[in-house]
Each structure stands twice: as C-alpha cells, then as structure tokens.
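S.K.: With the hints as your guide, set chain B onto chain A.
2 protein chains.
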Amino acid sequence: MEFHCEKTPENLNRPDYRSALSARVTPKQSSGPMTLENDVFLRALLRQSVPYTPVWLMRQAGRYLPEYRATRASAGSFLALAKSPGFATEVTLQPLDRFPLDAAILFSDILTIPDAMGLGLYFADGEGPRFERPLRDRASIARLAAPDPDGELRYVLDAVREIHKALKGRVPLIGFSGSPFTLACYMVEGGGSDDFRHIKSLLYQDPESAHRLLEVNAEAVTRYLNAQIEAGAQAVMIFDTWGGTLSDAAFREFSLAYLKRVISGLLKEADGRRVPSVVFVKGGGLWLESIADCGCDAVGVDWTIELGEARRRIGGRVALQGNLDPAILFSTPEIVRSETSRVLASYGQGTGHVFNLGHGISQHTPPENVAALVAAVHELSPGYHQNPLPR
Amino acid sequence: MEFHCEKTPENLNRPDYRSALSARVTPKQSSGPMTLENDVFLRALLRQSVPYTPVWLMRQAGRYLPEYRATRASAGSFLALAKSPGFATEVTLQPLDRFPLDAAILFSDILTIPDAMGLGLYFADGEGPRFERPLRDRASIARLAAPDPDGELRYVLDAVREIHKALKGRVPLIGFSGSPFTLACYMVEGGGSDDFRHIKSLLYQDPESAHRLLEVNAEAVTRYLNAQIEAGAQAVMIFDTWGGTLSDAAFREFSLAYLKRVISGLLKEADGRRVPSVVFVKGGGLWLESIADCGCDAVGVDWTIELGEARRRIGGRVALQGNLDPAILFSTPEIVRSETSRVLASYGQGTGHVFNLGHGISQHTPPENVAALVAAVHELSPGYHQNPLPR
Chain A
0 MEFHCEKTPE NLNRPDYRSA LSARVTPKQS SGPMTLENDV FLRALLRQSV PYTPVWLMRQ
60 AGRYLPEYRA TRASAGSFLA LAKSPGFATE VTLQPLDRFP LDAAILFSDI LTIPDAMGLG
120 LYFADGEGPR FERPLRDRAS IARLAAPDPD GELRYVLDAV REIHKALKGR VPLIGFSGSP
180 FTLACYMVEG GGSDDFRHIK SLLYQDPESA HRLLEVNAEA VTRYLNAQIE AGAQAVMIFD
240 TWGGTLSDAA FREFSLAYLK RVISGLLKEA DGRRVPSVVF VKGGGLWLES IADCGCDAVG
300 VDWTIELGEA RRRIGGRVAL QGNLDPAILF STPEIVRSET SRVLASYGQG TGHVFNLGHG
360 ISQHTPPENV AALVAAVHEL SPGYHQNPLP R
Chain B
0 MEFHCEKTPE NLNRPDYRSA LSARVTPKQS SGPMTLENDV FLRALLRQSV PYTPVWLMRQ
60 AGRYLPEYRA TRASAGSFLA LAKSPGFATE VTLQPLDRFP LDAAILFSDI LTIPDAMGLG
120 LYFADGEGPR FERPLRDRAS IARLAAPDPD GELRYVLDAV REIHKALKGR VPLIGFSGSP
180 FTLACYMVEG GGSDDFRHIK SLLYQDPESA HRLLEVNAEA VTRYLNAQIE AGAQAVMIFD
240 TWGGTLSDAA FREFSLAYLK RVISGLLKEA DGRRVPSVVF VKGGGLWLES IADCGCDAVG
300 VDWTIELGEA RRRIGGRVAL QGNLDPAILF STPEIVRSET SRVLASYGQG TGHVFNLGHG
360 ISQHTPPENV AALVAAVHEL SPGYHQNPLP R
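As they're listed, the protein sequences go chains A and B.
Read left to right, the first sequence gives residues 0 to 390 (numbering that gives the first Met the number 0).
Read left to right, the second sequence gives residues 0 to 390 (numbering that gives the first Met the number 0).
Extracted from the complex, chain A is given alone in its bound form:
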C-alpha cells in the first residue's frame, strides 16, 4: 500500500502525527465495490467522527507546481491540457504525489459547460478565459440548451473515470462545476469583469431572459455533476465565484435559487456510498444561513469570516470547508504553521471541518509552504478530535 505523508524523521517523531498516520492507514470496508484507503474527507463532510482534520486545496493541481508547468508545456496549451483525459489525470495526481492531501479534485476548467453549449472558449495570451460568442441578446439565450454530458462533455467524464482508476482508492475524488449564476456571468460578459455590467443589466432589464439562462444552466450543471458522480466522483463541489458581487436580494433570486435547484437534483448516493455536496460562494459570509439551507452537506467559506463564527452560525447543520487566506502561503513555513493553527483553533473541537484555503491557490505560491500547511493540519488537528479512531 502506497502512503504519501511526508515521512521525515522529524514528523515521525511527533506522537500526534504518528497516531494520525496509523489511523489514516487503517483500511476501511465500504459497502460499494471501491474500497477507500482514506475516507476522512468524506466523513468530515458528513460530520462523522474523524481522527484528524482532512485537508485539500482549491486549485491544488496548478501553476505553482513545476511538474504541472512541465505537463502543460507538453500539452501545448491550457485547453489541450484540460481536454485530454490523460493529461488531466496526470496533473490531478501531481499534488497528491507531493503532499499527503486527503482528497483529489478533477482537473478541468470551470467553463466546460458553456464551451459545450457552443460559446467558443479560448484563452488570450496572459489573460483569463474568453468566449468568442458571448450571449448579448434574447435570441441567443432563447436558443440555449443544456448539453448532453455524454456528448460534448465526454472528455470530462473520461477524465473522471481515468483519474478514479489511477487513484486506486487512495483518497476520494471531488467532481465540480461552476454555479448557474457564475457560468452566466462568463457567458454574458464574455470573460472576467470588474463591474459585471452586461450580466447585471440583463438581470435588471430582462429578468425573464436571465431566469431562462439560469434555468438552462441549472439543468446543465445538475446533469454534468450527476454524470461525474456516475463516472466516479465521490463528492461534488459547486463554485459560485461571482455570487458575492450581487446585492442580497439579487443573490437570493439569481444565484441561491438555482444552487438549490441543482442540489435538489443531485444523486445522493453512488457506489454504495453517500456523495456529499459542498457549495462555495466567494464573498458569501453575510448569507451563510441561507446557503446552509440550500440542501448541501457542507459550505465553503472564504477568509473574511472567522471560522468559529461561521460554525456558530451554521455548524449545527452543515460541515464547513476553509478558510486560510491563500496570501498566507506567500510567507514562510513557520508563519503558515502558526496561521494554520489559528484556523484550526477557531473551528475548535470536533468533526465537520475540512481544511482548505478561502480561495484557489496562487501561481506564486512556493510549494514548500504547501508542504508546511498540509503537515501542520495533520500534526496539529488530532488534538481537536476527541475520538481519534473512527469506528
């Protein structure tokens, strides 16, 4: 059995780390065909007892890793990388081979769905994603249809299957999608935006078309995530990157309502195991109660809220995922360790916490600081779990 904790002499001499290690490597029996060596991530999402706090990082397969940059160079472009199941599998596994992370996340782009709808995704040099044919009139919205996941999106499902196989049950695989609203932002703006002028004009001037667009997106996201689950994803996450740019009322009408619709349509079980769902709304700290009520198992939170406060507000209903400021990873291993310790202490005793950043990891992050983060979570968290051995 392969095991990927950093077995440095220093780590192995820590009694708390050794006990966590031995708990991690205990093989689990599951009712489904695929045995998971490490299901701590799934258990924490379902608020079941765990021996330590699991950790993974948003965008953990990415440009901060030299091996990722090498694969990307072989692939020729980001899109070629993202659209090849073989390359996607390779980069998905890279961070797991370096750090003892407790989950893998499908390597893919957030804009696969609108690309499959025919909007023409491309990446301009040194810029973010763009669409050749953004939606700027009622007619193009009226024509829109949710893509069949087994059609234009088949390369994503092939990647899920290949990654699932390559993982050999080491850790769970997370599938993901952008939220209906976040996809709509890109589809209408044609790319990133500072002021979300076009999408907000649509919401306020033609709410009927906006709702039509969001309905199609919600159907597309639901089918896409369910297809990922059937292909082997053991948890799913929905990223509402731009929901936090809306007013309170607009968030409820144009984003939250469609998050609810997606969640209610998701497969709840696969392979004999519950498939937990995580919803992350960047800048959604004011709306935590409503987000927690959308039917998800866990809520991702950014770093602007004290994690303990988020737990007091919604921790009785859902698990929490977060929330270190990714900018802390620009500092030193010692600072990373002390700030990680603050986040763990803020959440406090007991299960229901998946350690993560409050947003995707930056390309400027030194990998040694990621090693320090993962080690700190595994070394410092067992003390917060009163029942160190899961049943």
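Treat the hints loosely; a few may be bogus.
It does not matter which identical chain is meant; a pair holds if it fits inside one copy or across any two.
Said to hold, decoys possible - Pairs of lysine to aspartate or glutamate, DMTMM-like flavour, derived with a Cα cap of 25 Å: (1) Lys164 x Glu229; (2) Lys267 x Asp136; (3) Lys164 x Asp108; (4) Lys281 x Glu252; (5) Lys281 x Glu308; (6) Lys281 x Asp194.
Quick caveat, the hints were computed from the structure, so don't treat them as lab data.
M.R.: Leaving out everything else, chain B in the frame of chain A:
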C-alpha cells in the same frame, strides 16, 4: 438664491416633492459664519430629524458626465485636472448643476498622500494609478514620513477653499481620504492588485514594518483630513476600499485599529458646526459592529447587505450611507426608481440614512439614470420621515 432641483412640470406636480422642496430651501441659521442653505445631509449623518433622505453619489464628479470629459480634455490629463484647484472646483460642481444632490465631494485622487511622500504617482494609459517607487523593503518604509498638508498637499487644500467658496453654502462639502490600510496597499503593490501579494506578504512576514507604515499613514491621513476641515470641508469620509480583502483577524489588526486612530484624532467641530465622519469599508458587511465602534458618526455600506439588516445591527449607534448597486444605473429610469424605492423601504422610517451607491458610479452610467435616482430619493423619501420639517 439658486436652487438646483430638476423643476420639471411633472416633479412640481408631486405634492411630496413640493413639500420636500420647500423644506430644503428654508434658510438655516448656524452659529458659524457660513450659512448652509441645505444641511439635510449633515443632519442625517448626526441622526437628527430631516424632511427627506439626502442623497449624493460616490464619484459623482466623473467620466460618466460629458462636461467632466470636456474639462478633463482641457486639463490634458487626469493628474493635471486633480492637481489644479480651478479645474477641481469646476468638476466638483458639475454634478450639482445637473442634479439636486445634497452634498458635494472634493474632487481629488485617493493617492495624493503617497504621492506627496515621494512615491511618484502616475497613470499609465488605460490603466489605474501606479507608483514609480513602490515600497518593497524595510528601509524605504523606515524613511517614510507623514507629509505636511501645507507643503506638497497644498493644492488639495486650495481646492477645498475654492470649492467651499464657489458652493456659497448651497450644500455641505465632503472632504475625504483613503484609509491607512488602503493607501498602504497601493504603496506596497505599486498599483491595483488581484491578490495583494506584496502587501499581504509584508503584513505576515514583517508585521513590524507593516505597523510602522500604517502608523505613518494614520498620522498623514489625520493631518490631511483636519487640514481639509480647516479649509472648509464640513464632513469627512474615509474610504477603506481594500480592507474587505483581509481576513477577520488581519482586518482588525491592520485596518480597523488605524481607522480608530484617525477618527480619534479628527477635529470634531469647525465653523461652529459638528463635522461628521463616515467610514466606508468595501466588503465590510461582516464587521459592521466593529466598524460602528470605531468612533465614526456614520458607516457606509456596499450593496451586498440588506440595508434594513445593517440598520438592525448598528443603526442604534451610527447613521448609514448607501447602498444601491451601481450596476442598477446601467438599466432604465423606471428600474432605477423601483430599486431606489426598495433601498428606502429597507431602511424604513426615520432619520439616519444618507442615500448613496454601494460603490463609486461607473463611467458607463447614462446621466439620465442618475437624474432618475436623485428624483426618486427626493420624491419617495419624505414618507419615511415622520417629522417632515426640521426645527
């Protein structure tokens, strides 16, 4: 006496608008030498009774106005415009000549202080502000000193004096500054930023230098705002544009503590009149209670929080300024009116509300939508004020 409400026949036929108008033009006696024709803005900030809800707009003098673009073209560049008291006066008054706004705000740049410290402010074509000499080492931070407002910043004070004179007491003049932390962001990053990598590295890796920088900035901001008050500003506003990018703990340590320091050093009275202070932290909705406790008279809020909720949380202690999403101004006069009505209703009955956007007005805003906004506030708000005539 000049009066700048849009006296369209339609407006003048509305009984609520006429009664608000007659209340507005009642001359007030003040104990100081300058009589204000319209002090509704100052009274609302101090939570004194008002006949209607006052309104002004962040960045109300700006590129969305053709007359502003014409003046800027004459000036040659944005900096030439901002550094000339004559041009600054001209553009400060432009929106007041078009719309019956209840306050004027000094036209100036947010980065005058670091420019006066020698960092070399410039504007690259089509980009935001940049500094020629950003702070990237301890030594340059150690050398930093708060500028004498009567030295390098004299052009700003000259502008305040000239605007104050040109206003002839029509409405109060607001002075402003960036917050110590927001100035530090620009000074260390050298311009705008997506990830605030350099400033956050400084905060976490060298907190001593960060605190030194923030202390100098706090002293500079305090002296600068007091000099503006002495030159004729009748209220002051501090913009913490980037405080909302910090974690809860970092916001308290690196931004809020210095906002408190500035507020405690401000002149509280000038010209025989209280000088109210407003603090605006973009993205600060989670921290409203702490911001309200910093000693300010009013808290500016962005559109992500329901105004009524903000009032329930802190309306017993401070006035509130906000909070229409500026993107609503991309729509139509009818939609602007109905969304304005929602914001007024959300605040509800009584004084303590200054209507504003939740952030600066966009250059893409049609001026007719601003007219609709100001008219809607003046027409719809008298019903929310039980005592329509101020004493």
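S.K.: Look at each hint and say if it fits the structure.
M.R.: Results for each hint:
no., hint, verdict
1, Lys164 x Glu229, "within (13 Å within a copy, 72 Å between copies)"
2, Lys267 x Asp136, "neither (37 Å within a copy, 53 Å between copies)"
3, Lys164 x Asp108, "within (21 Å within a copy, 57 Å between copies)"
4, Lys281 x Glu252, "both (17 Å within a copy, 23 Å between copies)"
5, Lys281 x Glu308, "both (17 Å within a copy, 20 Å between copies)"
6, Lys281 x Asp194, "both (16 Å within a copy, 14 Å between copies)"
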